[in-house]
Amino acid sequence: MFTRDTQPPLDLESFCHAEHPRLVRLLSLHTGDVETARDLSQETLVKVCVHWRKVRSLEVPQAWVTRVALNLATSHHRRSAVRRRHTADTGGDTSPTSVRDDEGWMVRAAVASLPERQRTAVILRYFEDLPVDEVADLMGVSPSAVKKLTARGVDRLRVLLAIEDLEVPHA
Amino acid sequence: MPDLADVLRQGADVTTGLPDMQAAWSRAVRVRRRRRLAGSAAAAAVAAAVVAVVGAVADLGPPTPPQPVMTPELVPAEPLPPYPGPLLADRTYDAAVLGLPYRFSTTDSRWTLAAREPGWLSLHRGSTRLNIQRWDAVYDPAAARPEEADALEVPTDLVGWLTSHPRLDVRSQRTVVVAGEQWRVLEVGVGTPLTTPPPECGSSPCVLLGRTGIEPAELLASERALIHVPVDDTDRTVLVVAYPERASGPGGAASALIASLDERPLP
Numbered sequence: 113m114f115t116r117d118t119q120p121p122l123d124l125e126s127f128c129h130a131e132h133p134r135l136v137r138l139l140s141l142h143t144g145d146v147e148t149a150r151d152l153s154q155e156t157l158v159k160v161c162v163h164w165r166k167v168r169s170l171e172v173p174q175a176w177v178t179r180v181a182l183n184l185a186t187s188h189h190r191r192s193a194v195r196r197r198h199t200a201d202t203g204g205d206t207s208p209t210s211v212r213d214d215e216g217w218m219v220r221a222a223v224a225s226l227p228e229r230q231r232t233a234v235i236l237r238y239f240e241d242l243p244v245d246e247v248a249d250l251m252g253v254s255p256s257a258v259k260k261l262t263a264r265g266v267d268r269l270r271v272l273l274a275i276e277d278l279e280v281p282h283a
Numbered sequence: 003m004p005d006l007a008d009v010l011r012q013g014a015d016v017t018t019g020l021p022d023m024q025a026a027w028s029r030a031v032r033v034r035r036r037r038r039l040a041g042s043a044a045a046a047a048v049a050a051a052v053v054a055v056v057g058a059v060a061d062l063g064p065p066t067p068p069q070p071v072m073t074p075e076l077v078p079a080e081p082l083p084p085y086p087g088p089l090l091a092d093r094t095y096d097a098a099v100l101g102l103p104y105r106f107s108t109t110d111s112r113w114t115l116a117a118r119e120p121g122w123l124s125l126h127r128g129s130t131r132l133n134i135q136r137w138d139a140v141y142d143p144a145a146a147r148p149e150e151a152d153a154l155e156v157p158t159d160l161v162g163w164l165t166s167h168p169r170l171d172v173r174s175q176r177t178v179v180v181a182g183e184q185w186r187v188l189e190v191g192v193g194t195p196l197t198t199p200p201p202e203c204g205s206s207p208c209v210l211l212g213r214t215g216i217e218p219a220e221l222l223a224s225e226r227a228l229i230h231v232p233v234d235d236t237d238r239t240v241l242v243v244a245y246p247e248r249a250s251g252p253g254g255a256a257s258a259l260i261a262s263l264d265e266r267p268l269p
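Heads up: the sequence lines are chains X and D, in that order.
Residue 184 in our numbering sits at position 72 of the first sequence, with consecutive numbering throughout.
Residue 151 in our numbering sits at position 149 of the second sequence, with consecutive numbering throughout.
Don't read these hints as lab results, they were simulated from the structure.
A portion of the hints provided could be inaccurate.
Stated by the list, open to error - If you want a taste of the chain X side facing chain D, the calculated C-beta under 8 Å gives, among others:
| no. | residue |
| --- | --- |
| 1 | V158 |
| 2 | V162 |
| 3 | W176 |
| 4 | G216 |
| 5 | L242 |
| 6 | D277 |
Stated by the list, open to error - Here are the in silico distance ranges between beta carbons for each label pair:
| no. | chain 1 | residue 1 | chain 2 | residue 2 | range |
| --- | --- | --- | --- | --- | --- |
| 7 | D | G193 | X | S126 | 12 to 20 Å |
| 8 | X | E228 | D | R93 | 46 to 54 Å |
| 9 | X | P243 | D | P246 | 19 to 27 Å |
| 10 | D | E183 | X | H282 | 30 to 38 Å |
| 11 | D | R173 | X | I275 | 52 to 60 Å |
| 12 | X | I275 | D | V31 | 46 to 54 Å |
| 13 | D | P157 | X | E228 | 33 to 41 Å |
| 14 | D | R173 | X | A257 | 28 to 36 Å |
Bear in mind that the values here come from a model prediction, so they are computed numbers and not experimental data.
Glycine included, every Cβ here is placed at the ideal spot set by N, Cα and C.
Excised from the complex, chain X in its bound form:
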């Protein structure tokens, strides 16, 4: 039993618990920062709660959740870019806030430095392992655009990570 205004429904709670780890991992690649990823995942789950009736009726609710999370990540990038410009203008502190305490940091930093659409395409295609058509659907672009974006993104990652022989799945 739950009280509508004080407790989330049980199926909503288990859905969110299942989605949260996936979202944090996806968003940590997208943003390059684990703390930000956790915040954005939490923000995404608020939206899931708001729209739960609709979300639960979707055939693939995870696709909706992914789209919302990526939209939030995009907004976050835009706000961060404005903040960075402001900080640079005012000569403020520009030191990174992320703690470089794990081996994955280089990978997250490299992925996060890709242009927005390349980053999203690479993550959805090779981390989420979605088919090209589904990535195209989620991003609102054509399948051929997805192929171009992933190809460019992977080329850039090879340079950034200094891994010339980086093997691409499904290639």
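Chain D: place on chain X using the hints.
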């Protein structure tokens, strides 16, 4: 040779922690309350505007003769079951509890109650959706990605608004009689979907039309719809039957359910 998927997994190998569900739920409840209040205020403003308007809805195009509709035999109506409910048993149901002055009957045991909110009843049968919805507002057709701020007052000439909607493809229109009232029926598809589908449409291209409270009336690009707008009614109750674009029509079950609609005075 390093594999990209493995490299990405290494980058994403982070401590995820647990979501704070209590905080998420509390915020969601606040958001929904705020939106509901905003919707009620908009509805009051719209109602006042509608009452002030003298005149009828413009009748665009040559009218076809009203089609007779069978009236169901009156049986004691069942109260609507709670949402989300199982398949509706074949009975006559009363939607008065939602502020909608209609009774309807189901006859093939395959309809489910997909939503029940004040001013909004949604029934699903497979990929067919039948919504009876009193619109509080409509979405600005010019907005590339409609948000709350892009909701406009429901136009007095709702048929004209739908007909000239730049994202809709209106294929035909006619006049029918449902529940003893004349309704203008537009058969529409999505001509130009929103560039970025809003969350309300899942991951599918769509168009947002009207809104009841915070619940939008959307039409997916993969769907066609028969949008029924009452000719003489001013409360903006819109009946929408949406079905797959590839289907030739909404199907006999939807037609039978519409035919069963019976307008009853609200208590």
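Here's how the hints hold up against the structure:
1. At about 5 Å, the closest approach between the beta carbon of X:V158 and any beta carbon in chain D falls short of 8 Å, and the interface hint on this residue holds.
2. The interface hint given for X:V162 holds, since its Cβ lies 5 Å from the closest Cβ of chain D, which is under the 8 Å cut-off.
3. Annotation: interface hint on X:W176 holds; nearest CB of chain D at approximately 5 Å, less than 8 Å.
4. A cut of 8 Å between beta carbons decides the hint on X:G216: the least distance to chain D is about 4 Å, and the hint holds.
5. Proximity of X:L242 to chain D is violated relative to the hint, the smallest CB-CB distance being about 11 Å (cut-off 8 Å).
6. Contact between X:D277 and chain D, as hinted, is supported at the beta carbon level, the nearest pair being about 5 Å apart and thus within 8 Å.
7. Between D:G193 and X:S126, the C-beta spacing of about 40 Å breaks the proposed range 12 to 20 Å.
8. Between X:E228 and D:R93 the Cβ separation comes to about 53 Å, which falls inside the hinted range of 46 to 54 Å.
9. The given range of 19 to 27 Å is respected by X:P243 and D:P246, whose C-beta atoms sit roughly 22 Å from each other.
10. At about 57 Å, the beta-carbon gap between D:E183 and X:H282 misses the expected band of 30 to 38 Å.
11. Remark: the range hint 52 to 60 Å for D:R173 to X:I275 is upheld by a beta-carbon distance near 54 Å.
12. A C-beta distance of roughly 47 Å is found between X:I275 and D:V31, which places it inside the suggested range of 46 to 54 Å.
13. Under the hint 33 to 41 Å, the C-beta atoms of D:P157 and X:E228, about 37 Å apart, fit the expected range.
14. At roughly 31 Å, the beta carbons of D:R173 and X:A257 sit within the given window of 28 to 36 Å.
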